[in-house]
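J.: Residue strings, one per chain:
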Amino acid sequence: MNNVRKNYSGVDVLNGIDLEVYEGQIIGYIGPNGAGKSTTVKLMLGLIEDYSGSMEIFGRDIADGDISYKKRIGYVPEVVDIYDNLTAREYLTFIGELYGLDFQTADTRAFKMAECFGIKDVYDSRIASYSKGMKQKVMLISSMLHNPDLLFLDEPLSGLDANSVMVVKEIMSLLASQGKTIFYSSHIMDVVEKISDRIILINKGQIIADGTFSELQHSNKEGSLEQIFNQLTGFNEHKDIAMEFVSSFQEVHE
Amino acid sequence: MKDFKILLLLDRLRWLFAKFGIDYPIMRKILQVKLLMDSRKAPAIIGQRNKKKQRNDSNQFIQSLWIYLIIGCFMIIFIVFGDHFLFQMSLYFGVLMFMVMMSVVSDFSTVLLDTRDKGMILTKPVNSRTLGLAKAIHVTIYMFYLTIAFSGPALIVSLFKHGFLFFILFIIELIFVNILIVVLTALLYMFVLRFFDGEKLKDVINYFQIMLSLGMAIGYQVLVRVFEFVDLEIVFNLSWWHYLIIPIWYGAAFEYVMNGMDRMYLMLTLFSIAVPILAIFYYLKLLPTFEHNLQKLSSVQIPKRKSTKSLFSRGGKWICQSREERIFYQFAHKMMKNEREFKLKVYPILGMSIVIPFIILFSFLRESNLSEITANNSYIIIYFSGLMIPTLVLMVQHSSNYKGAWIYKVAPLGDLSALKTGTLKAVLMNYVVPTMLFEGVLFTILYGGRIIPDLFAVLLAFSFLTVLCFQLFTPSLPFSEPMDTVQQSQGVKTFLSLILIVLLMGVHYLAIRLWDYGVYMYLIVLFFANALMWRKIN
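Quick mapping for you: the protein sequence lines, in order, are chains A and B. Residue numbering for the first sequence follows the working numbering, starting at 21 and increasing by one per position. Residue numbering for the second sequence follows the working numbering, starting at 2 and increasing by one per position.
What the hints contain is simulated information worked out from the structure, not anything from laboratory work. A virtual CB, placed ideally from N, CA and C, is assigned to each residue, including glycine. Where hints are given, some of them may not hold.
[To be verified] What the simulated footprint calls covered on chain A by chain B, stretch by stretch (three residues with Cβ under 8 Å from a Cβ of chain B suffice, anywhere in the stretch; the number is not a length):
1) 44-53
2) 87-96
3) 100-107
4) 197-208
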């Protein structure tokens, strides 16, 4: 896998991001709400097309019209958009086939993966009847079915129970050790802190920190990633806001 | 996964798709999934009426095709009553185009303008041309079914009446006219998407739908006027602007093939086949841009904050009795205003309702002049603008965010009657009253101030009709049912409510014919009928 480079500017959401990513890394991509995390991922997947600068994935410019690079990418979006009238079997084989797998392979793989996640009993029920965690598992399966080299996971752990979280974290480090790249964004700081090889903090469309956790710790003199996050995004009035929030609905009684 | 017969038919054309750079297996897969989903109804969150699980997959659109079959049977007349094919078949294709296009614009605009697919499918190695064509074919398949139901009877009769050649020509032209309609509609949407942006685009799309329905209605009038009846003989003189009226192309094809090869019709016949083909090429060329521009529809702009003291909310204070009702009135107003899919489905019918009374007025003009018409009681045709009411009342139970309906159950409310009446009042104030105001002003200009009491009666009648339709047809709470791609066609219910409209119109007419002050009596009766019906909502 070649290096990934992207660089865009001009767009309001992203003000010039330069980034190079190598294989075998788990990259924690963090930032406050609305910082431009999802936009970055959508740009790389070709969902949004107006950008300036250039992006290369697997050594090829993604704007060159060849979409075959998407075969090697897996994606879990932040908001679970899913055809929930379908059963897991129907949905997953459909997605598998879009990635170029044949039906049988996709079905066998998906079923085995569902079994590991403990959702094989509902494999033939409609997704609409699933709980949030079960839907998330389907999304995770759909993103890895075709054995991608690059994974974009946007809040992959949302809705999962503690045991499943451990399984997914283990899956990520296994894949990274095989040389796959995982681009991971989350708001849960201690998870990011523990599993990421490299942490990129983005704020207002710009990268404001980039490095391993210990590097960040070193340059910011703060204990946890949460504190570093607060410090770098210039946020320290959480107590005041909480006070104000509570008094907003309690002043009625006064 | 279930395989659909129609896809096996499509397989025969796979060589063709390959030539256009379409990834056929992928497109087929997308279509298969789409068709499968159409055959399933998403479960409603609350008010689960049908407790037993609907395991059998059945497509509601196909189930509702019989109404087209019935209309199609009436259409046989056009085929059998003579051999002036130019006139008969132009008219036939005019009606067909009207039906199909209305269905595309009101039922399937949501498919063509879908933005969710993008995130789910284009993140996979699928090119946007394949996805775009899959959407167009998805719609075409339904139009194909509709056309079969509509034209089936006529096709069979034509085989016996006019022979095999006619039959074959009929089939070919039906296929081309279908392609033309879907592609034309898609191209028109492309055009709109290209030139407008953001919030404005969302409004323009809806106005565009109204204009499209108006255009079709007016086009149909023009079509009939092309032919002049001189002593029961149909006279037709070709002039340049006839090339602009699409159904004539198709009529001319039959005239050309069946009644001798007149050079005059050759050009028109070629149009009927060449234009759809050219349109497809153009469409395929523009598809990637179209998919790209669709993104504009999902972009969210922060709207300017407007003062809430609008005429609408002041009206709400006046017509809503309880606090809860007023809350839901405002809520429903905002839901209807902001929901794109709701507007996509409602606006075409709105346009039709506004124009129908005038179309009927125009057809009167053929037999008598304007001063004669405006002197009598023909203003009663204003009732036909009530055709929008059943659609509005049916649509209001749907929402693309239907899952949000849990809030009704969680909120501390005794019963949900305020939700229902508040929503219905919002429907009236949002759509029915403005339409009546518009029509009323025009009709008052035409007929004079004497009809003003009648107009108030019509408004009360519409209010009554709204509640009646709601009680008869709407089993679910407002905004609590999913917005299915393929809705059960509302044909049957619209037909039933047409009967109700005609009944009300009849009573009104009788009242003003029998007594001098009949309209006031009618007003009083309606007033009490309204009071009774609105109270019955629970």
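J.: Confirm or reject each hint.
T.: Evaluated hints:
no.	hint	in the structure
1	44-53	violated (count 0)
2	87-96	holds (count 7)
3	100-107	holds (count 6)
4	197-208	violated (count 0)
Checked against the numbered hints listed earlier, the structure breaks hints 1, 4; every other hint is satisfied.
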